[in-house]
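As you go down the protein sequences, you meet chains A and B in turn. Sequence positions in the first sequence follow the numbering used here and run 16 to 136. Sequence positions in the second sequence follow the numbering used here and run 16 to 136.
Keep in mind that the hints were calculated from the coordinates and are not lab data. Watch out, some of these pointers could steer you wrong.
Which copy is meant is left open, so a pair is good if it fits within one copy or across any two.
To be verified - Simulated pairs of lysine to any residue, SDA-like, Cα-Cα distance not exceeding 25 Å:
| # | residue 1 | residue 2 |
| --- | --- | --- |
| 1 | K18 | E133 |
| 2 | K18 | D131 |
| 3 | K18 | E89 |
| 4 | K18 | E39 |
| 5 | K18 | I135 |
| 6 | K18 | V97 |
| 7 | K18 | F28 |
| 8 | K18 | D136 |
| 9 | K18 | R134 |
| 10 | K18 | P94 |
| 11 | K18 | E105 |
Protein chains: 2
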Amino acid sequence: MEKVNLQDAFDSFDEHWSPRLAGELNGQAVKLARAEGEFVWHEHEDADELFLVQSGVLRIEFREEPAVTLQSGEFLVVPRGVEHRPVAEEEVEMLLFEPTETRNTGDVEAEETETDLERID
Amino acid sequence: MEKVNLQDAFDSFDEHWSPRLAGELNGQAVKLARAEGEFVWHEHEDADELFLVQSGVLRIEFREEPAVTLQSGEFLVVPRGVEHRPVAEEEVEMLLFEPTETRNTGDVEAEETETDLERID
Numbered sequence: 016m017e018k019v020n021l022q023d024a025f026d027s028f029d030e031h032w033s034p035r036l037a038g039e040l041n042g043q044a045v046k047l048a049r050a051e052g053e054f055v056w057h058e059h060e061d062a063d064e065l066f067l068v069q070s071g072v073l074r075i076e077f078r079e080e081p082a083v084t085l086q087s088g089e090f091l092v093v094p095r096g097v098e099h100r101p102v103a104e105e106e107v108e109m110l111l112f113e114p115t116e117t118r119n120t121g122d123v124e125a126e127e128t129e130t131d132l133e134r135i136d
Numbered sequence: 016m017e018k019v020n021l022q023d024a025f026d027s028f029d030e031h032w033s034p035r036l037a038g039e040l041n042g043q044a045v046k047l048a049r050a051e052g053e054f055v056w057h058e059h060e061d062a063d064e065l066f067l068v069q070s071g072v073l074r075i076e077f078r079e080e081p082a083v084t085l086q087s088g089e090f091l092v093v094p095r096g097v098e099h100r101p102v103a104e105e106e107v108e109m110l111l112f113e114p115t116e117t118r119n120t121g122d123v124e125a126e127e128t129e130t131d132l133e134r135i136d
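Input sequences plus hints: build the corresponding full structure.
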C-alpha cells in the first residue's frame with residue numbers, strides 16, 4: 016500500500032490529454048490528466064465518468080444542455096451515453112474516476128485516443 | 016447533472032464518522048466524511064476503499080504493517096480484506112470512494128455503524 020500525493024503525481028508528467036493511472040480499486044481507476052484546449056466530442060456507452068479539477072478551470076460541454084464549468088475542488092459525474100466535450104482555455108489538472116478500461120475518447124477513434132495508460136510510480 | 020463543490024459540501028454538515036453521499040457512478044459512491052479521534056478496527060471483505068484527504072491529517076493503521084499518514088491532497092487505496100483503523104488526532108475532512116453499499120464499519124457492528132447515508136443536495 017503506497018499513498019499518492021496528487022500534486023507530486025501531476026508534476027511527474029507534462030503531456031496534455033494523456034491520462035496516467037494513479038490507482039485502481041473495484042475495477043475502477045483513478046486517472047490523472049493535464050489538459051489544454053478542446054478535446055474531441057465523445058461518449059462512453061457503458062461508463063459514468065467523474066471529473067474532479069485539481070487546478071485550473073475545466074468546461075464540459077454537452078450537445079443538449081448548458082455546459083458545466085468546474086473550478087479547483089469541484090467535481091461532476093457525466094452519465095454513460097451522454098456526449099460531452101471537455102474544454103480547457105488554460106491548462107487544467109484533473110482527476111478522472113471511471114472503469115479502468117474506459118477509453119479517453121470513448122466511442123470515437125481519434126488522434127488523442129490512448130489505450131495503454133502509463134502508471135504513475 | 017449538477018457539479019459538487021467539495022468545500023461547500025463538507026461545510027454542509029458537522030457530524031464525525033457519518034459519511035454523506037456526494038455522488039454515484041458505476042455502482043460506486045463518492046462519500047464525504049468528517050472525522051476526529053479513533054475509529055473502530057474493521058475490514059471490508061468485498062470492497063477496496065479509497066481515502067483522499069481534503070484537510071487535516073489522517074493516519075490509517077494496519078495490524079501487520081506500518082500505518083500510512085495522509086495529508087491534504089494525498090490518497091490511499093486500502094485493499095479488500097485488510098483490517099484497518101482510521102485515526103484523526105485533529106479534525107479531518109476526507110473523501111471516500113468505494114461501492115455505494117459498503118458499510119463504514121465493514122464487518123463490525125458498532126455504535127458508529129451507518130447504513131442509510133444522507134445525500135448532499
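Each hint tested on the structure:
1. K18 / E133: within (17 Å within a copy, 28 Å between copies)
2. K18 / D131: Within one copy, since 23 Å is at most 25 Å while 29 Å is not.
3. K18 / E89: The answer is both: 22 Å in one copy and 7 Å across copies each meet 25 Å.
4. K18 / E39: Cα proximity of K18 and E39: in one copy and across copies (12 Å, 24 Å).
5. K18 / I135: within (11 Å within a copy, 27 Å between copies)
6. K18 / V97: between (33 Å within a copy, 15 Å between copies)
7. K18 / F28: within (18 Å within a copy, 27 Å between copies)
8. K18 / D136: within (10 Å within a copy, 30 Å between copies)
9. K18 / R134: within (14 Å within a copy, 28 Å between copies)
10. K18 / P94: between (29 Å within a copy, 12 Å between copies)
11. K18 / E105: between (29 Å within a copy, 20 Å between copies)
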